[in-house]
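With the hints in hand, could you dock these two chains into one complex?
Protein sequence lines correspond, in order, to chains A and B. Position in the first sequence counted from 1, then plus 29, gives you my numbering. Position in the second sequence counted from 1, then plus 117, gives you my numbering.
Heads up, simulated PhoX-like pairs for lysine-lysine below, C-alpha to C-alpha not over 20 Å straight-line: (1) K153/B to K176/B; (2) K233/B to K135/A; (3) K135/A to K158/B; (4) K80/A to K66/A; (5) K125/B to K233/B; (6) K176/B to K158/B; (7) K77/A to K66/A; (8) K153/B to K135/A.
Since the hints were derived computationally from the structure, they do not count as laboratory data.
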Amino acid sequence: MPLDHLDATFAALADPTRRAILARLASGDASVMELAKPFAMSQPAISKHLKVLEHAGLISRGRDAQRRPCRLEPQPLADASSWLDHYREVWERNFRRLDLLLEEMKSEERKKARPTKRRTKR
Amino acid sequence: MLNTGTLKVTTPSDREVMMVRVFDAPRAMVFDAFTKCELLKRWFGPRGWSLAVCEGDFKVGGSWRFVLRGPDGQEMGMRGAIREMVRPERLVHAESFDDYPGESLVTTTFAEERGKTTITVLVRYESKQVRDAVVASGMEHGAAETYDRLAEYLDTSPATHTRA
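One chain only, chain B, in its complex shape (with noise of 0.2 Å):
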């Protein structure tokens, strides 16, 4: 089944996240998208955040640097170091951010059928410290409002009773 644009997110394990996504283009495609600056710039960043600054040597020991420019022009630098790269197939990276210790290694694999990419990414922090900074970080970055849905969600199953 290769139903594009259905983002699916799940948690293998307390450290990791796992991603995965069809797009409807050949994989050496997607591939360039997610290794090449002028690219990158197109659609990477986070709600209001643009790539204002990408540089980097995108190869197997190369690393690269990010500069992720807000709605209010704060600033927040990210840094990579490529560990793997087999064109168009698989991307090992490591991760980190300037404002928070540690890194995640982060491994994206590009598989093509039918024309049609599966990308499957696979997020791991290095401790419970590097999880919980990018935890605390998405809070911030207004999960308010996704965070009252759901209390509401759950409020209205019918388990509500008092307290034991």
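Only chain A is shown next, with the shape it has when bound in the complex (with noise of 0.2 Å):
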């Protein structure tokens, strides 16, 4: 099941160079060394934010011993926004509704306010 692994995407995605890496990745594999650059960080710091990626299965190296390119892996990612797509999906329908109900509220706020003159707008 992909839910044991939501924890760990998650961890992963909490941090900003990780996700300027996955960012960077999307676009095509890199080594250690050309994903160093962008980000003025030592090898070895990133090093240390690939270990959390791989860990999370965001990311996989290759065999190749010199490179180990970087691959982003899009499975994780994709169960982690399914879920995150759905809870927003539903609280964008829920909030849409509250804003004709809040609408209303105002409306009616109105009427009270000015009993006598009446306003039609629209």
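Below is the structure:
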């Protein structure tokens, strides 16, 4: 089940550098050296982040002993995003209904505030 | 920037989900919509589900009970215990589902600026099990199509190649 992965996925995603690394890998494989460059970080520091990402199953490393290129593994991200997407979708619908309710409440309040003046707004 | 209608959902940690949303109404009104049954019934409930039963005592130390009714008549019970309630600023409650173990702590803050209200909802799950239960129910309740869309999207990214 993908659910076991979600903890590791969310923990890995909680860090901005790791999110940036994933964003970079979305456009193609890269070696540790290539990844370290734009982040102004040492290779060991980047390697630490890569270990977390690899543990979470978010990336895999190639076998090429020299480069060991990193590659994005889309599945755990898709699992996490599908959950969040669903969450967002449910609440978006709720809140759109709440928008309508609030409009109604506001117009009720206006009516109460000005009982004699009838405002027909449209 | 007070853009109404845009919902932001983030995961500040592996046990938390945070939502931020702006409403074009004063916060006392929004607060009421979150804490009065007759108003909650008008908007609360996942797709196809409605709030069939809402009863309780919305005050510190009080509790509430919801029964959500689904499109096929199935029911889902929820309970809440109010821990903090400062109208119209802040609401903290513990929430649990009848069918799942554990509970989550929900902190909702209401900030008003120029007649618009920004709400921030922070849901903190008690444990991995509770979070996973929510995840599982989310997936059951039709996240499949979203999942497919995402898989498609990721497939079209340039990073496609053979396994190492």
